[in-house]
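Chains as they are written, first to last, in our numbering: chain H, 202 to 616; chain B, 2 to 84.
Incorrect hints may have been included.
Unchecked claim - The calculated lysine-lysine pairs, modelled on DSS-like cross-linking and capped at a C-alpha distance of 27 Å, are: (1) B:Lys84 / H:Lys333; (2) H:Lys590 / H:Lys237; (3) H:Lys333 / B:Lys28.
These are calculated hints, taken from the structure and not from any lab test.
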Amino acid sequence: MRGNLLNDHRRIVITGVGLTSPNGNTLAEYRANLLKGVSGVVWFETRYMGKVLAGVCTYDPLKYQMKKEVRRGTRAGSISIYCCQEAVADAALDFHALDKNRVGVYLGITEHGNVETENEIYNLSRFNYDTKFWSHHHNPRTVANSPAGEVTLNMAITGPHYTIGAACAAGNAGVIQGVQMLLLDEVDVALAGGVSESIHTFGIFASFASQGALASHPDPTKASRPFDRDRNGIVCSEGGCVFVLERLEHAEARGARIYGEIAGYHMNSDASDFVLPNAQRHVECMQAALKRAGIASQDIDIVSTHATATPLGDIQECQALRTVFADCPKTHFNNTKSFIGHAMGAAGALELAGNLPAFEDGIVHPTINVDHLDPQCEIPNLVLNTPKKLPRVDYILNNSSGMLGINSVVIVNRV
Amino acid sequence: MTNDQIRQAILQIISVIAPDEDLTHVKSDVPLRDQLELDSMDFLDIVMELRKRYGVEVPEADYGQLASLDSCAAYLAPKLKDK
Numbered sequence: 202m203r204g205n206l207l208n209d210h211r212r213i214v215i216t217g218v219g220l221t222s223p224n225g226n227t228l229a230e231y232r233a234n235l236l237k238g239v240s241g242v243v244w245f246e247t248r249y250m251g252k253v254l255a256g257v258c259t260y261d262p263l264k265y266q267m268k269k270e271v272r273r274g275t276r277a278g279s280i281s282i283y284c285c286q287e288a289v290a291d292a293a294l295d296f297h298a299l300d301k302n303r304v305g306v307y308l309g310i311t312e313h314g315n316v317e318t319e320n321e322i323y324n325l326s327r328f329n330y331d332t333k334f335w336s337h338h339h340n341p342r343t344v345a346n347s348p349a350g351e352v353t354l355n356m357a358i359t360g361p362h363y364t365i366g367a368a369c370a371a372g373n374a375g376v377i378q379g380v381q382m383l384l385l386d387e388v389d390v391a392l393a394g395g396v397s398e399s400i401h402t403f404g405i406f407a408s409f410a411s412q413g414a415l416a417s418h419p420d421p422t423k424a425s426r427p428f429d430r431d432r433n434g435i436v437c438s439e440g441g442c443v444f445v446l447e448r449l450e451h452a453e454a455r456g457a458r459i460y461g462e463i464a465g466y467h468m469n470s471d472a473s474d475f476v477l478p479n480a481q482r483h484v485e486c487m488q489a490a491l492k493r494a495g496i497a498s499q500d501i502d503i504v505s506t507h508a509t510a511t512p513l514g515d516i517q518e519c520q521a522l523r524t525v526f527a528d529c530p531k532t533h534f535n536n537t538k539s540f541i542g543h544a545m546g547a548a549g550a551l552e553l554a555g556n557l558p559a560f561e562d563g564i565v566h567p568t569i570n571v572d573h574l575d576p577q578c579e580i581p582n583l584v585l586n587t588p589k590k591l592p593r594v595d596y597i598l599n600n601s602s603g604m605l606g607i608n609s610v611v612i613v614n615r616v
Numbered sequence: 002m003t004n005d006q007i008r009q010a011i012l013q014i015i016s017v018i019a020p021d022e023d024l025t026h027v028k029s030d031v032p033l034r035d036q037l038e039l040d041s042m043d044f045l046d047i048v049m050e051l052r053k054r055y056g057v058e059v060p061e062a063d064y065g066q067l068a069s070l071d072s073c074a075a076y077l078a079p080k081l082k083d084k
């Protein structure tokens with residue numbers, strides 16, 4: 202049983218999910234494709250580099266935005282608006298009746314502004330680098346709060362908004378920020394998660410390529426292959442996922458459907474390397490989250506791994522997982538990036554969302570594209586290539602980590 | 002460019018920067034902001050597009066000259082006479 206969280210007004214629950222993933226624009230579509238083994242990775246044309254492998258979203262921006270909003274804003278902002286609107290609709294909140302001063306928007310981002318700056322420099326190159334052709338839209342598009350700010354403009358939200366820059370740990374970090382603001386009674390509803398528009402700049406592909414960490418494969422659907430012996434790097438993706446978070450008493454009072462409760466969380470820093478994860482710090486992060494939740498590692502049913510399919514990173518995470526879950530026969534492990542690539546700032550939130558339906562159906566979606574499991578990535582109960590039904594799922598642990606050594610863990614339990 | 006060509010050029014620019022607007026009934030003698038949802042950032046876009054497309058500079062002090070299609074034509078005609 203959970204030990205240290207709390208009475209009902211300090212218990213935080215998920216009551217809505219809005220997402221766009223390379224393989225689905227609703228949770229139902231996304232989950233179905235995770236269970237059917239459907240990848241969202243395709244060939245994608247990018248400036249200077251030509252065709253690259255990427256996860257590309259197909260949501261309709263005009264579902265919630267005017268054309269002018271789309272033009273003036275950013276792809277990250279558009280994704281954020283879509284996800285927040287979908288999450289609010291999914292939560293069946295009476296949004297018009299809500300006090301908008303008590304709604305907060307907390308979105309994790311890996312980075313923001315690279316896309317817009319690259320576009321401006323490219324535009325400038327066509328005018329002999331004369332800076333009078335630099336757009337007045339550049340500053341509002343590139344301020345770090347931009348994606349969350351676009352949401353407040355679109356939805357007339359007057360509570361706090363900001364983004365949380367946390368590399369690829371950002372999706373969880375956004376959720377954690379939302380939880381903390383609810384616990385501090387700063388807001389009554391938190392729209393929290395993560396977004397990424399990173400595929401719209403060549404730089405992220407070029408940098409991973411220079412690092413020797415960009416995936417290549419003749420078949421896009423096979424390119425993202427965490428834990429496989431022949432993995433060769435990351436598939437970059439765009440996407441977004443936003444949760445409606447509320448206090449349990451608030452959710453119950455309005456009869457909301459509850460996807461799960463935030464049981465525990467933790468973030469820490471490796472303090473050891475710019476890019477290479479540190480297994481020991483990852484262990485400590487998971488253990489601290491378990492402690493906050495008041496449970497043991499044996500209580501976890503599903504671990505959603507972060508693994509990105511880099512040769513070294515996957516090994517580091519598996520080493521950490523073997524330490525924390527050394528004697529946990531009921532714990533199962535999966536990975537979402539094998540389907541959709543690495544959605545950067547959205548990754549943690551999307552990966553959590555895709556596992557939440559397991560509380561209802563008891564099914565662990567698999568890790569796909571594992572033809573030859575790397576012996577250094579062997580973990581008991583790693584669910585490979587086909588889904589696995591469990592008798593019951595009570596706890597999900599969601600791992601994320603990112604560059605500069607940042608780790609985030611969120612644990613969710615069935616309510 | 003003739004005054005009518007200038008009016009059409011401004012409307013074409015507005016169709017790009019305000020793509021949700023119906024421009025079929027815009028009156029040329031009425032201020033654009035009284036007929037369309039245009040804000041200060043949109044007017045900066047018009048100024049930028051004039052710079053990009055026609056090499057025309059509109060100093061900030063003259064922004065008021067772009068209020069309506071007719072005032073745009075009157076103000077820009079000397080600048081665009083050879084375009």
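Status of each hint after checking the structure:
no. : hint                : result
1   : B:Lys84 / H:Lys333  : 21 Å, holds
2   : H:Lys590 / H:Lys237 : 14 Å, holds
3   : H:Lys333 / B:Lys28  : 31 Å, violated
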